[in-house]
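Undergrad: As a plain string of letters, each chain reads:
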Amino acid sequence: MTTTDTHTDLTTDVANPTVSTEVRLALYRQVVRIRRFEERAYKLFMQGLVKGTSHLSLGMEAVAAGFAVAQRADDYTFCTYRGHAHTLARGTPMPGVMGELLGRATGVCGGKGGSMHLTSAEHGVMGSYAIIGAHLVIANGAAWSSKERNSGQVTVCFFGDGATNIGAFHEALNFAKIWELPIVFVCENNLWMEYTSIHDVTAVEHPAADRAAAYGLDSIIVDGNDPEAVYDVARRAVDRARAGAGPSLVEAKTYRHGGHSRADPGDYRPQEEVDTWLARDPMPNYRQRLVDLGVEESALVAIEDDAMTDVDAATEDAKAAPAPDSQAAFTNVWADGGYSWRNS
Amino acid sequence: MAEQLITYREAIARGIAQEMRRDDSVYLIGEDVAAAGGVFKGTKGLLDEFGPSRVRDTPISEEAILGAAMGAAMTGLKPIAEIMFSDFLATCWDLVAVEIPKTRYMTDGQFTVPLVIRTANGAGLRFGAQHSQAVENWAMMIPGLKVVAPSNPKDLIGLMAAAVRDPDPVIFFESKQLYPTKGLVPDGEIVDELGTAAVLREGTDVTIVALANMVPKAVEAAEVLAQRGISAELIDLRCLVPLDTATVLASVKKTSRLVTVEENPRLCGWGAEVVSIVAEEAIWHIDGPLTRVTTPHLPLPSADNLEDAVLPSVQRIVDACVKAVH
Ligand SMILES: Cc1ncc(C[n+]2csc(CCOP(=O)(O)OP(=O)(O)O)c2C)c(N)n1
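As given, the protein sequences belong to chains B and Y, one line each in that order. For the first sequence, my numbering begins at 55 and goes up steadily by one. For the second sequence, my numbering begins at 1246 and goes up steadily by one.
Please keep in mind that the hints were generated in silico from the structure rather than gathered at the bench. All values derive from a computational prediction rather than experimental measurement. For glycine and all other residues, C-beta sits at the position ideal for the given N, C-alpha and C. Treat each hint with caution, since some may be false.
[Claimed, not checked] Stretch by stretch, here's where chain Y covers chain B in the computed footprint (C-beta under 8 Å, at least three residues):
| # | stretch |
| --- | --- |
| 1 | 177 to 187 |
| 2 | 192 to 199 |
| 3 | 214 to 227 |
| 4 | 379 to 387 |
[Stated by the list, open to error] Partial selection, computed: residues in chain Y whose CB lies under 8 Å from chain B:
| # | residue |
| --- | --- |
| 5 | 1297 |
| 6 | 1298 |
| 7 | 1357 |
| 8 | 1412 |
| 9 | 1413 |
Chain B extracted, bound-state conformation (with noise of 0.2 Å):
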């Protein structure tokens, strides 16, 4: 059975007075320059440019850009292979992402990683994990770290809907809250998981949500489809977690206007579910509520030239960058930088 989205708790269309112009202007630049990033790559792995596999979020950034926006320059963000929108969020610049994608010596990793590992240290990407609920467990490390040292760092781990199903799931949220870890653990609930839909394989309606209780953790629903809600919910969660009030679980509803990867056209899904969805979509309807608030138009006008600018830019520097060295297939295994695991 697929369900629709029937809730009362989504806030679409409520201006926030405590938002600023500034915030409502980098959480739409945020969802801009993310939508224009993964149409560019949709269309660059459809020319065999992009390598291997490639998971959009296209339809979903308003989590990215609702987290980044709360976020510190220094806290800690862990991805999933969905990666794309969060590692770009948090200010990793587009070339190095675009670099990556295509298999470039100028990739955040130098080529080893790929679509689904982008990590980027220096932003605070902490990498982009791909097998399954596996990086909840490693995030909290990272945040049993910053409270050792007293950094003030918060950690913010994504995750898919179904993550919540994998035991790692529970075991993370259990060890965060016992340790009372400076965390945020945020469910982007698109309803889908690779074909099948989360609703036919879970006990209960809402699958992070739901299980908060659990773990001693509130309920917390958000619109993920809305900036403002998001950066509302992330701030509050963010700003618990750097107080030392301990760890919060996220339940954003969104979806995705594509398939699961690459050419998946998503045709297992009711049109009906994907309409009321794509009426939803996250940009074209905060730019609309940002007019009615009063922003100048040429402020809006003036974000989607740049991210388009920026785009171009990234696809021209990455077809042009060169391909790794091959060499560097035999390094950084280990520490010393080679790969030797005898002396002789």
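Use these hints to put chain Y with the ligand onto chain B, whose structure you have.
TA: Below, chain Y with the ligand without anything else, positioned relative to chain B:
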């Protein structure tokens, strides 16, 4: 220099304490490691000296334990994480095989993961098939993990120090059977080096390569062989990754015969790797069959005589050496 006779079990706490005193970023976590002092009493006294934030009990959540250690290691701590029995590594295998060892490579060196996973390995205590496996071969085959298995208290302390100070992830196999055994340990700080085998006895007729709890058996076997006029050279490997192939190759070039002694079940144990290296790189120096002594390829039974029947014994090591020499 003064020396003390201590048990392998006591050496664990001493080795960890040495490193925790030296470096504030070293932490110990695991099930029952704090107040209880570990199920094998290897961590007794550490809570008292270092307090509850640096010596910390965890829930029975092996993935959460290794995940916490990994994330912390990526961000400035040097955790030592205990997995109570090495068999339980299977419950957190994703962390052991897929996350911890791959991160440095996949991120092209942006992150390094300096942690130690300690675990009680091997048979001999009649625990049956789910608490007795020798699984160092599981770890050895994974690119990105270093693998240590000391055979005596002094090595345990020195290799623990080396493991904690190493910038890469290390799995540290403690032999359950060795916990009550004693050895002389010098006073003061002990720091050893990973990837260095020890020649415990020099000989001319056959090289015996052993690891961990197989070492004392190989020592006995070498004595029996000496009485029979066979001179065995005995190498304690101490570490599987990095592997001290130089010491092994030099020895077999001298003795021209090789017997490896391991507790792993027959297929794909580390002895097969050592044999294959010797076959590939020193075959022209070899005069007899390259022989492996292992546990047969079966799960481990519990009853005294059944477990004894399948584990490598002094007699089997002697027989293998006699066969290799004649
Ligand atoms: C442990 C594990 N099992 C299965 C897979 C294969 N797999 C990759 S993505 C995916 C669906 C995950 O869905 P969800 O967690 O909802 O995330 P989304 O793709 O919607 O972002 C599956 C089953 C995997 N990568 N890891």
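Undergrad: Each of the hints needs a verdict: does it hold here or not?
TA: Here is what the structure says about each hint:
Three residues within the 8 Å Cβ limit are the bar, and the stretch 177 to 187 of chain B against chain Y gives 4, so the coverage statement holds. With 8 residues having a Cβ less than 8 Å from any Cβ of chain Y, the stretch 192 to 199 of chain B passes the three-residue criterion, so the hint holds. Requiring three or more residues with a Cβ within less than 8 Å of a Cβ of chain Y, the coverage given for the stretch 214 to 227 of chain B holds, as 4 such residues are present. Look at the stretch 379 to 387 of chain B against chain Y: 4 of its residues bring a Cβ nearer than 8 Å to a Cβ of that chain, three or more, so the hint holds.
Interface hint status for residue 1297 of chain Y: violated, as the beta-carbon distance to the closest one in chain B is roughly 11 Å, over 8 Å. Given the 8 Å rule on beta carbons, the hint for residue 1298 of chain Y holds: about 7 Å separates it from the nearest Cβ of chain B. Annotation: interface hint on residue 1357 of chain Y holds; nearest CB of chain B at approximately 5 Å, less than 8 Å. Using the Cβ-Cβ criterion of 8 Å, the hint placing residue 1412 of chain Y at the interface with chain B is satisfied: the shortest such distance is roughly 4 Å.
For residue 1413 of chain Y, the shortest C-beta to C-beta distance to chain B is roughly 5 Å, which falls under 8 Å, so the interface hint holds.
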